[in-house]
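With chain A fixed as given, assemble chain B onto it according to the hints.
What follows is each chain in one-letter form.
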Amino acid sequence: MDRMLRDKKAIVVFLLPGLLVFAFVVLVPVVWSSVYSFYEGVVGIGLRFNGVRNYAQLFHDSQFTRSMLITLQYTAIVSGLQLVLGLLMSFLFAYGVKHKVTVRTICFLPVVLPVVAVGQLFGKIYAIAPMHGLINSLLDVLGMGKYVTAWIGTTETALGALCVQDVWMTAGFYAIIYYAGIVDIPKELVEAARIDGATGWHVGTRIVLPLLRPVIGTALIYSLSGSIKVYASAYALTGGGPARATYMLSMYMYDTAFKFNKYGYGSTIGVFIMLECLLFVALTNFVVNKRRV
Amino acid sequence: MRVSAIKQRPSVRIGGFLGKATIRALTGLLLLCVVFPIAWMIACSLKTPAELINQPVFHLPSGFYFRNYSNAWVKGKMNVFYKNSVITTFVSLIFTVGFSAMIGFALTKLRWRFSGLFKLLFSFGIVVPVQMVLIPLFIMYNQLKLVNSLWGLIITYTGFSLSLAIYLYSGYMQAIPNEIMEAAVIDGCSVYSLFTRILLPLSKNATVTVLVVSFFSKWNDLIFSQTFISSTSLKTIQTGLLYFTNEFGSTEWGPVFAASTMAILPTIVVYSCLNKLVIEGMTAGAIKN
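Protein sequences appear in the order of chains A and B. End of the first sequence = 297 in this note's numbering, gap-free, step of one. End of the second sequence = 1530 in this note's numbering, gap-free, step of one.
Just chain A, with the same shape it has in the complex:
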């Protein structure tokens, strides 16, 4: 059997079709993108090697700085809420509710919904014209008409409204991950603490949370790199507006490349987004693994 499993031809047959597609769609573009980021000009007309000037330009580009700050602000809010709400929900799943399976299943549902449809839905929830959306009409009924706002049409509230939508969509995912982590904690530990007289609060904060540290690390990596790359949900809800108040880095990259045909500079922004993700992964690993309880 060993000889059969070492059959070179069979290995090639099994590996090649998938490898070709993978190389074509993922590997080659990644390399190409990195190379492009050092060029300027339009593909087909003429590309010029540009050295690191594209990267230098990033720091003089005010729209880049603005978009980066908006994206970071978004990341801080969304990832923060994903962490806090995810943990609270997982505690509820693990220690609180009856019908746990049903509750868990329902809470995970928004994760699988198509983001454009959710964007349409929240667009109507926040709407003010031609008729008041869900929030504004509830405010009307509750006699708080003065708080009626164009939630996604006002620069001050648009980013917050977007964050609410995205947390609504993703919190269930993190709750499940933390829940799986909680269930993995040996029961004896929690029981021993109870016998020693620890209250529910203390069990939660002094025993469960510290033991969840590695799980929180993994989830944070997911959450941070997901937030940094945000595109579809923002595009579907606000399209980057109003007045570019929700104009994310990935949207800037998209427009730079496909609207203004600056593929080189667009690739530079793309590479920057990837580097930012890697930086966050490294930082999270550092914080989670270094600091001892």
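Please note that a few of the clues may not be correct.
Only pairs whose alpha carbons sit at most 25 Å apart, straight line, appear in this in silico BS3-like list of lysine-lysine [as the list claims (entries may be wrong)]:
1. A/LYS12 with B/LYS1261
2. A/LYS13 with B/LYS1517
3. B/LYS1445 with B/LYS1360
4. B/LYS1261 with A/LYS104
5. B/LYS1386 with B/LYS1445
6. B/LYS1261 with A/LYS191
Hints listed in this document are in silico derivations from the structure and should not be mistaken for laboratory results.
Positioned in the frame of chain A, the structure of chain B alone reads:
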């Protein structure tokens, strides 16, 4: 560690700290926050234009006004977008499952020197941001006439689903004991029938998980479809929905809600039937065994 393997309730209840009523209220609030927007959307998709304008939006619909759906389906071209999404999703699912099962087999059961290296290479795909590949892909597709072609989408979806699918298959196939293969080989199985007759049927659960997880990523894709497709007749559900909303705009809520409900429907159906597998599959990357 698998979510579904968890049966027994942890013995400690925070109930002692918060009180049962508070916990019940919190859970109720949570479920309301999740379910209410979706229910509201479906309710509004059944309202007549007059109802939408004259009544507060949280009123229940007075009847079932299905004209919204037929409008969205025909006039809003949702039938075209649906067809395109079904074709691209279905074909790329077949490729995804076929290729990733074969590679999973090659990585876990076949014996060759660089299998570890290739495993690493494929798992690299899980972390690559779409933004990083979008521009070169567009340029390549432009030259290969894959722009404005469903094939372009099918290839992209397949390539981008492979990493996670291979990860899921490898984990599953690794656990299948070699003794089963030995028995089959003694009975005269070739390496190919070993895969098609033994490994693939035994990995049925992995196949379902891969199917389900990649179904969502393909059906819900926006950015690829938006970049590679500009012709209206080739748009998929997500880009079609955006196009549709721009056409019907903010004034006609009924058809917009109907179209959104139709876009969501397949995902809800799949999720209702296979939720355990969906949750397991989607969190598989984050929850380590």
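Hint check:
Of the supplied pair hints, the one linking A/LYS12 and B/LYS1261 is violated, its CA atoms being roughly 64 Å apart against a limit of 25 Å. The suggested pairing of A/LYS13 with B/LYS1517 is violated, with an alpha-carbon distance near 38 Å, which exceeds 25 Å. In summary, the hint linking B/LYS1445 to B/LYS1360 is supported, as the alpha carbons are separated by about 21 Å, within the 25 Å threshold. Simply put, B/LYS1261 and A/LYS104 have alpha-carbon atoms about 15 Å apart, close enough for the 25 Å limit, and the pair holds.
Under the criterion of a C-alpha separation no larger than 25 Å, the hint pairing B/LYS1386 with B/LYS1445 is inconsistent with the structure, at around 37 Å. Distance hint between B/LYS1261 and A/LYS191 is fulfilled; the C-alpha atoms sit about 22 Å from each other, no more than 25 Å.
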